[in-house]
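One-letter residues, chain by chain:
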Amino acid sequence: AQKITQTQPGMFVQEKEAVTLDCTYDTSDPSYGLFWYKQPSSGEMIFLIYQGSYDQQNATEGRYSLNFQKARKSANLVISASQLGDSAMYFCAMREGLKASGTYKYIFGTGTRLKVLA
Amino acid sequence: DAMVIQNPRYQVTQFGKPVTLSCSQTLNHNVMYWYQQKSSQAPKLLFHYYDKDFNNEADTPDNFQSRRPNTSFCFLDIRSPGLGDAAMYLCATSRDLAGSGEAFFGQGTRLTVV
Chain A
163 AQKITQTQPG MFVQEKEAVT LDCTYDTSDP SYGLFWYKQP SSGEMIFLIY
213 QGSYDQQNAT EGRYSLNFQK ARKSANLVIS ASQLGDSAMY FCAMREGLKA
263 SGTYKYIFGT GTRLKVLA
Chain B
-5 DAMVIQNPRY QVTQFGKPVT LSCSQTLNHN VMYWYQQKSS QAPKLLFHYY
45 DKDFNNEADT PDNFQSRRPN TSFCFLDIRS PGLGDAAMYL CATSRDLAGS
95 GEAFFGQGTR LTVV
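Just so you know, the protein sequences line up as chains A and B, in that order.
Mapped onto this note's numbering, the consecutive letters of the first sequence carry residue numbers 163 to 280.
Mapped onto this note's numbering, the consecutive letters of the second sequence carry residue numbers -5 to 108.
Bear in mind the hints are in silico, worked out from the structure with no lab data behind them.
All figures in this text were calculated on a predicted structure; none of them were measured in a lab.
Careful: at least some of the hints might be erroneous.
[Claimed, not checked] Cβ pair distances, simulated, as ranges:
(1) B:N64 <-> A:A262: 40 to 50 Å
(2) A:E223 <-> B:P55: 30 to 40 Å
(3) A:Q164 <-> B:D47: 15 to 25 Å
(4) A:K165 <-> B:R61: 30 to 40 Å
(5) A:P202 <-> B:D71: 19 to 29 Å
(6) B:G76 <-> A:E223: 35 to 45 Å
(7) A:L260 <-> B:D71: 16 to 26 Å
(8) A:S204 <-> B:V6: 11 to 21 Å
(9) B:S74 <-> A:Q218: 21 to 31 Å
(10) B:D56 <-> A:A262: 16 to 26 Å
(11) A:K178 <-> B:G10: 49 to 59 Å
(12) B:P12 <-> A:R225: 42 to 52 Å
(13) A:Q218 <-> B:K11: 52 to 62 Å
(14) A:G247 <-> B:R3: 19 to 29 Å
Even glycine gets a Cβ: it sits at the ideal position worked out from N, Cα and C.
Please put together the full structure from these sequences, using the hints given.
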């Protein structure tokens, strides 16, 4: 079965500094997708960035980049130039193919709570 | 404009009293999901629909049911809520295609059982 592990329950970062949130995964499927979501205190899950297992380059979206190391099965999120509004819960997720239904489901890690300090 | 809308945002229900949470989407996505997220935990998939095909997770209690009358709407019914069912319930949608295919989430419904 697929599994996502986030070992950092909480992180602090100074405003304008960069921060790395760790994520490791386990799967036997050669084709998979990795995602990062941000969940503010309001509760909504906000999609940040995606990395496909066959993508040759690390994904980037504005201040977000994904450090994808396939051999190590890690997909760390890097946030550059942190802002106070980045304070939130961050979830790493993997998309698992479901042969029975012909679709996908998304499994999540336990999350990392990030606090940006002024 | 919100693309996945959940109502209500907050729901208080009595122990054992049936409650329904609703989700609507404007994305015309084939797949709709219901997740349960308890405090400080990862979201846990309860079930999902692929068009009208219902797919239940093996460990989802029978107390939880779902309906999808059309592409746009999906409902979560909790037949007899217990104190342990207090959680955030998240609805999500996705396309049934390969590629990035991220899931789009609603704002969630925070359920309190008293």
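Checked hints:
1. At about 23 Å, the CB distance of B:N64 to A:A262 disagrees with the hint of 40 to 50 Å.
2. Checked against the hint of 30 to 40 Å, the C-beta distance between A:E223 and B:P55 comes to roughly 37 Å, which is consistent with it.
3. At roughly 22 Å, the beta carbons of A:Q164 and B:D47 sit within the given window of 15 to 25 Å.
4. One distance hint, 30 to 40 Å for the beta-carbon pair A:K165 and B:R61, holds here, with the actual separation near 31 Å.
5. Here the CB-CB span from A:P202 to B:D71 is close to 28 Å, well matched to the stated 19 to 29 Å.
6. Range check, B:G76 to A:E223: Cβ separation about 41 Å, and the 35 to 45 Å hint holds.
7. At roughly 23 Å, the beta-carbon separation of A:L260 and B:D71 lies within the given 16 to 26 Å, and the hint holds.
8. The given range of 11 to 21 Å is respected by A:S204 and B:V6, whose C-beta atoms sit roughly 18 Å from each other.
9. At roughly 52 Å, the beta-carbon separation of B:S74 and A:Q218 lies outside the given 21 to 31 Å, and the hint is violated.
10. Our hint of 16 to 26 Å for B:D56 and A:A262 holds, since their Cβ atoms are close to 20 Å apart.
11. The hinted window of 49 to 59 Å between A:K178 and B:G10 holds, with their beta carbons roughly 52 Å apart.
12. Between B:P12 and A:R225 the C-beta distance comes to about 45 Å, which sits within the given range of 42 to 52 Å.
13. Remark: the range hint 52 to 62 Å for A:Q218 to B:K11 is upheld by a beta-carbon distance near 54 Å.
14. Taking the beta carbon of each, A:G247 and B:R3 are about 21 Å apart, inside 19 to 29 Å as hinted.
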